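Letter by letter, the chains look like this.
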Amino acid sequence: MSALDKFRILVVEDTRDISDLLVIRLELGGYVTCVARNCEQAIAQAFAFKPNAILLDIGLGDGGDGFEVLRILKSSTKTSDIPVLMLTARQQLTDIRRAIDMGARDYVTKPFDDRKLLMRVAKLLGQPMPHLTTERRMML
Amino acid sequence: MRSAASSLPFSKPFVENAGLKRNFNRLRVKLKPVSFSLCPMTEAAFELAPCGLVVCDGNGSIVAANRFFREMSGYDGGTKTFGRCLTRPSQFILSAKLLPQLNQSGEASEIALTLNGPDGDSIPVLVNARHDGDGFHYAIFPARERREYESEYLNAKKKLTQYSDYLRMAERLAHLGHWHGNLVTRETYWSPETYAIFGCDPETFTPRIGETMVLYHPDDRKDILATVDAAVAGNGEFSFRARCIRRDTGEIRHIETNGVCERDESGQAIGLFGVVQDLTDLLRAQDATEASEARYRLLADSSNDIISVFDLDGTIDYVSPAIEKLLGFTPAEVIGKNVRDIVHPDDFRLTQAAFAGYVRSGDWSAVPRVQYRARHKNGHIVWLEASPRAMLGPDGKIAKLQDVVRDITERKAVEAALEDAMVEANAAADAKSQFLATMSHELRTPLTSIIGFSALLRDVVQDEEPRRFSQRIWTASQGLLALINDILDHSKLEAGQLELDIAPCSANELMLEVAETLEVQAQAKGLFLTVDTDDDMPLMLLDEVRMRQILMNLAGNAVKFTQDGGVTIALHWRGDRLQVTITDTGPGISPEGQKRLFKRFSQVDHTTNGTGLGLMISKQLVELMGGRISVESSPGNGSMFWFDIPVQVCEGDADEEVGPEVAAETGFILVADDHAANRELIATLMRSQGYSVDTVPDGGEALQACLERRYDLILMDVNMPVMDGLVATQGIRASCELNARTPIVGVSAGGESRRRICLGAGMNAMVEKPIRPAVLTATVAEWLAQSQGDFPHVRTG
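The listed protein sequences derive, respectively, from chains Z and S. Take 0 as the starting number for the first sequence in numbering that gives the first Met the number 0 and just add one per residue. Take 0 as the starting number for the second sequence in numbering that gives the first Met the number 0 and just add one per residue.
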């Protein structure tokens with residue numbers, strides 16, 4: 000599989016450990032990734048990297064807010080169709096409702112189960128469920 | 000015949016009449032051929048008698064017949080028998096009955112016969128007859144006329160009796176007697192009621208004029224006599240009130256007499272007529288009314304509450320002096336002004352709406368309490384609470400409002416202090432909860448790394464030992480996560496900040512999913528795990544996440560503590576409740592242990608793992624859902640944990656019921672319900688349909704919201720504190736211009752009768768509680784379509 004054929008995932012995550020973890024997991028899962036650490040980068044990469052899906056944290060380090068990113072993404076025709084999965088440590092119902100209302104397609108709370116997360120990403124992309132065990136063996 | 004004629008009293012004046020005399024002469028001429036002669040006076044009497052008179056000879060031939068008979072029968076004076084003047088049946092009666100009787104006894108009376116009339120008609124008559132030596136004498140009366148006279152007489156007599164009965168009845172009902180005194184004979188007549196008024200017995204007491212004075216109070220006698228004497232001497236009319244002493248009981252009663260004096264042609268007084276009435280009861284009632292009015296006035300004057308009466312346009316008719324204590328104005332300063340001048344401008348619209356709602360409701364028993372501010376004469380604000388009541392006019396319609404107004408400034412101050420305290424407490428709780436949320440977030444971020452990297456390590460490392468170690472890190476961090484979650488849930492539950500997220504959910508599927516998760520553990524321990532559910536379990540409105548949490552906790556505990564045998568999970572649908580039992584064959588729990596079981600941070604067995612928060616959180620969650628949870632167990636006999644919760648059922652499919660998540664409809668809906676869970680459920684359902692939603696916890700706030708903005712539809716709970724849904728609806732209809740025509744859908748239990756009440760209050764429809772999402776959304780859509788069809792230009796959303 001060439002890099003061009005692979006799905007591209009934009010990871011918006013300010014915590015280095017977690018973005019690294021996500022990148023490793025997603026690349027092991029066969030995706031191409033790109034990381035944004037704040038709002039500006041996130042918007043810029045959404046246009047430049049042309050991701051097939053976005054994993055979006057809510058609390059971004061520089062005081063930025065994932066909801067704001069989501070609002071901007073949804074307000075532009077170029078990015079409004081990119082499916083967004085919120086990946087956050089916030090688990091209040093109000094946040095979940097707000098995200099769904101604003102157009103997020105899915106919502107996963109941290110800490111996440113890596114297998115489940117990959118299944119949700121696959122679902123987000125309309126892929127068949129990945130056979131994680133075989134794929135992992137293949138990768139390793 | 001001769002004797003009968005001589006007894007006629009009117010013979011003289013008749014003969015004196017010249018015209019009649021001529022007739023007699025003619026008659027005499029006619030009668031000449033017959034050998035029948037009478038003296039002229041008798042002849043006239045015979046001729047003019049007001050009944051038919053006939054003289055016949057021994058053969059029955061008519062010898063003489065008077066005018067009455069001739070006119071009656073058409074007999075022309077020719078030769079004819081009496082019998083031939085009769086109809087055939089009467090001829091038979093004459094020959095078979097009358098003649099034999101006359102031959103035998105000489106006389107017969109009131110024999111009913113029928114004459115042939117002059118125009119061929121039949122005339123029923125009564126005949127008196129006599130037979131003497133040489134002839135027959137008949138006196139003939141028209142039967143009909145005589146009967147008519149008789150019946151007229153009887154009727155008149157009956158009427159007279161009836162009138163006298165009526166009079167007596169009228170007298171008795173009016174307590175009005177009448178009397179007459181003859182000043183000449185000194186005799187008196189008293190009507191029965193007069194006797195009753197004076198307590199006299201008509202059998203034993205027959206008063207004469209002058210003797211009646213003893214019946215009056217000695218102090219009043221002189222005045223009475225003077226009054227009557229003045230009337231006799233003057234214009235003849237008199238009237239007096241006096242005390243009388245009842246002859247039977249000796250009781251003093253107050254009477255009033257009105258009378259006139261009768262005079263003869265010369266003007267001499269010959270009689271007195273009067274009507275007399277007992278006024279005692281009336282006077283007493285008047286006194287009582289006056290006393291009660293005085294008491295009411297005393298109450299109104301001395302009450303701390305303002306009592307006021309005002310017109311429907313707000314003009315003040317009356318206000319009690321208490322207003323001076325409360326507002327500094329005297330009643331005189333306020334009477335005639337409008338309530339608008341009293342109520343604080345900021346509160347006027349809401350107050351007016353509440354009053355208007357009451358006036359239009361027509362239900363006077365539901366007295367609303369309306370709180371508003373007023374400005375004291377010297378400027379400060381006074382909080383008042385009004386309880387208006389309708390005063391009905393003679394037509395039964397509301398004419399005015401009577402209002403009792405209470406000073407609630409102090410109460411308001413206490414309420415405000417309490418509210419401040421609540422706000423502070425809530426702020427503290429909010430701060431705590433915010434702290435926990437932050438902490439939880441802060442803990443989760445590093446935990447994400449620990450869990451994620453240990454899992455990664457486990458997956459990528461080939462060597463057995465490092466893999467085992469990384470697995471242990473992973474397991475421990477999972478435990479840490481569960482603990483953090485429990486602490487967070489617990490503190491949210493304690494602070495009452497945990498919200499349920501209710502959505503259609505299959506309890507069966509949920510249970511099977513939980514069982515599947517636990518299956519691995521159970522199998523590893525060699526335990527059986529059985530799930531027993533009803534096949535026809537309906538789709539329910541549940542918080543799936545919290546329900547799973549409870550099931551996982553209870554069933555997980557059961558698997559964890561059971562070493563042999565297994566666990567049975569049973570779900571049953573009980574019409575409106577979901578009942579769950581989890582039975583294990585574990586060690587069982589002692590009664591002391593059961594007591595501690597659901598308490599904070601307590602574990603039956605401290606050797607086992609866990610915080611002991613799980614059961615407590617389960618209990619709090621079940622209670623939040625409105626249900627109960629309990630355990631039945633004894634050491635050595637296993638345990639049975641059970642809980643049941645009230646749940647509402649969805650009919651049909653989940654998708655069909657709640658509709659797509661994508662906004663499909665537009666509309667701005669106000670949801671008024673005092674019950675937070677209901678309010679949230681309705682709001683969630685409405686949002687899921689794509690509507691925008693405002694929520695308020697009572698009718699007062701609903702009314703306020705309706706004054707401020709226009710809604711496309713209002714969902715109104717009926718039973719709410721502060722102001723119920725019916726009153727709020729009336730208020731909205733009466734005075735919220737923005738929403739006067741907005742569809743209002745009542746939400747209430749109570750069936751058809753309640754529905755009528757709702758519609759009567761001005762609602763457009765009612766949906767039954769418990770709420771069925773399909774019905775609610777369909778009703779809302781229907782009424783929205785109607786209202787938006789009506790007013791496309793004001794459509795919002």
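In short, the hints are calculated from the structure, not lab data. There may be inaccurate statements among the hints.
[To be verified] Simulated restraints, written as ranges between beta carbons of each label pair: (1) S:A523 - Z:A47: 49 to 59 Å; (2) Z:K77 - S:A494: 41 to 51 Å; (3) S:D531 - Z:V107: 30 to 40 Å; (4) Z:G62 - S:R359: 32 to 42 Å; (5) S:M438 - Z:K5: 34 to 44 Å; (6) Z:K77 - S:D500: 46 to 56 Å; (7) Z:G62 - S:F434: 32 to 42 Å; (8) Z:V107 - S:R339: 57 to 67 Å; (9) Z:G62 - S:A523: 46 to 56 Å; (10) S:E591 - Z:G62: 29 to 39 Å; (11) Z:V107 - S:M438: 14 to 24 Å; (12) S:M438 - Z:K77: 12 to 22 Å; (13) Z:A47 - S:R576: 49 to 59 Å.
[Stated by the list, open to error] Under the rule of at most 20 Å between Cα atoms (straight-line distance), these lysine to aspartate or glutamate pairs were calculated in the EDC-like manner: (14) S:K594 - S:E543; (15) S:K431 - Z:D94; (16) S:K376 - S:D362; (17) S:K396 - S:D310; (18) Z:K115 - S:E543; (19) S:K399 - S:D458; (20) Z:K73 - Z:D112; (21) S:K524 - S:E508; (22) Z:K115 - S:D458; (23) Z:K115 - S:D310; (24) Z:K115 - S:E323; (25) Z:K49 - Z:E39; (26) S:K396 - S:E384; (27) S:K491 - S:E543; (28) S:K96 - S:D56; (29) S:K411 - S:D394; (30) Z:K77 - Z:D61; (31) S:K491 - Z:E67.
[Said to hold, decoys possible] Here are a few chain Z residues that sit away from chain S, every Cβ distance over 12 Å (derived from the structure): (32) D56; (33) D61; (34) F66.
Computed from a predicted model, the values in this text were never measured in an experiment. For glycine and all other residues, C-beta sits at the position ideal for the given N, C-alpha and C.
Here's how the hints hold up against the structure:
1. With their beta carbons about 50 Å apart, A523 of chain S and A47 of chain Z fall inside the hinted range of 49 to 59 Å.
2. Against the hinted window of 41 to 51 Å, the Cβ-Cβ separation of K77 of chain Z and A494 of chain S comes to about 44 Å, which satisfies the hint.
3. Checked against the hint of 30 to 40 Å, the C-beta distance between D531 of chain S and V107 of chain Z comes to roughly 33 Å, which is consistent with it.
4. Range check, G62 of chain Z to R359 of chain S: Cβ separation about 55 Å, and the 32 to 42 Å hint is violated.
5. Take M438 of chain S and K5 of chain Z: their Cβ atoms lie about 39 Å apart, and the range 34 to 44 Å holds.
6. A beta carbon spacing of about 34 Å between K77 of chain Z and D500 of chain S contradicts the range 46 to 56 Å that was offered as a hint.
7. Separated by about 19 Å at the C-beta atoms, G62 of chain Z and F434 of chain S break the suggested range of 32 to 42 Å.
8. Distance hint check: the CB atoms of V107 of chain Z and R339 of chain S are about 60 Å apart, consistent with the given range 57 to 67 Å.
9. Range check, G62 of chain Z to A523 of chain S: about 48 Å between beta-carbon atoms, so the 46 to 56 Å window is met.
10. Judged by the Cβ atoms, the range 29 to 39 Å given for E591 of chain S and G62 of chain Z is violated: they are separated by roughly 54 Å.
11. Against the hinted window of 14 to 24 Å, the Cβ-Cβ separation of V107 of chain Z and M438 of chain S comes to about 21 Å, which satisfies the hint.
12. About 39 Å separates the C-beta atoms of M438 of chain S and K77 of chain Z, a value inconsistent with the hinted range of 12 to 22 Å.
13. Judged by the Cβ atoms, the range 49 to 59 Å given for A47 of chain Z and R576 of chain S holds: they are separated by roughly 57 Å.
14. The hinted pair formed by K594 of chain S and E543 of chain S fails the criterion: a straight-line CA distance of about 29 Å is larger than 20 Å.
15. For the hint pairing K431 of chain S with D94 of chain Z, the CA-to-CA distance comes to about 18 Å; that is within 20 Å, so the pair holds.
16. With a CA separation close to 35 Å, the supplied pair K376 of chain S and D362 of chain S exceeds the 20 Å bound.
17. Among the hinted pairs, K396 of chain S with D310 of chain S is consistent with the structure: their alpha-carbon atoms are about 13 Å apart, no more than 20 Å.
18. Between K115 of chain Z and E543 of chain S the alpha-carbon distance is near 18 Å, which keeps this suggested pair within the 20 Å criterion.
19. Between K399 of chain S and D458 of chain S the alpha-carbon distance is near 85 Å, which puts this suggested pair outside the 20 Å criterion.
20. For the hint linking K73 of chain Z to D112 of chain Z, the alpha-carbon distance of about 28 Å lies beyond 20 Å, and the restraint is violated.
21. The hinted pair formed by K524 of chain S and E508 of chain S fails the criterion: a straight-line CA distance of about 24 Å is larger than 20 Å.
22. The hinted pair formed by K115 of chain Z and D458 of chain S meets the criterion: a straight-line CA distance of about 15 Å does not exceed 20 Å.
23. Of the supplied pair hints, the one linking K115 of chain Z and D310 of chain S is violated, its CA atoms being roughly 72 Å apart against a limit of 20 Å.
24. Among the hinted pairs, K115 of chain Z with E323 of chain S is inconsistent with the structure: their alpha-carbon atoms are about 75 Å apart, more than 20 Å.
25. Taking the CA atoms of K49 of chain Z and E39 of chain Z, the gap is near 15 Å; set against the 20 Å cutoff, the hint holds.
26. With a C-alpha separation of about 25 Å, the suggested pairing of K396 of chain S with E384 of chain S is violated against the 20 Å cut-off.
27. A C-alpha spacing of about 18 Å is found between K491 of chain S and E543 of chain S, which places the hinted pair at or below 20 Å, so the restraint holds.
28. Only pairs whose Cα atoms come within 20 Å are accepted, and K96 of chain S paired with D56 of chain S is accepted, the gap being roughly 19 Å.
29. For the proposed pair K411 of chain S and D394 of chain S, the alpha carbon gap of about 40 Å is over 20 Å, so the pair is violated.
30. For the given pair, K77 of chain Z sits about 26 Å from D61 of chain Z by alpha-carbon distance, which is inconsistent with the 20 Å threshold.
31. Between the alpha carbons of K491 of chain S and E67 of chain Z the distance comes to roughly 27 Å, so the proposed pair goes past 20 Å and is violated.
32. Against chain S, the non-interface label of D56 of chain Z is violated: not every CB pair exceeds 12 Å, the least being about 10 Å.
33. At roughly 16 Å, the least C-beta separation between D61 of chain Z and chain S is larger than 12 Å, which holds for a residue marked as non-interface.
34. No Cβ of chain S comes within 12 Å of the Cβ of F66 of chain Z; the nearest lies about 15 Å off, and the non-interface call holds.
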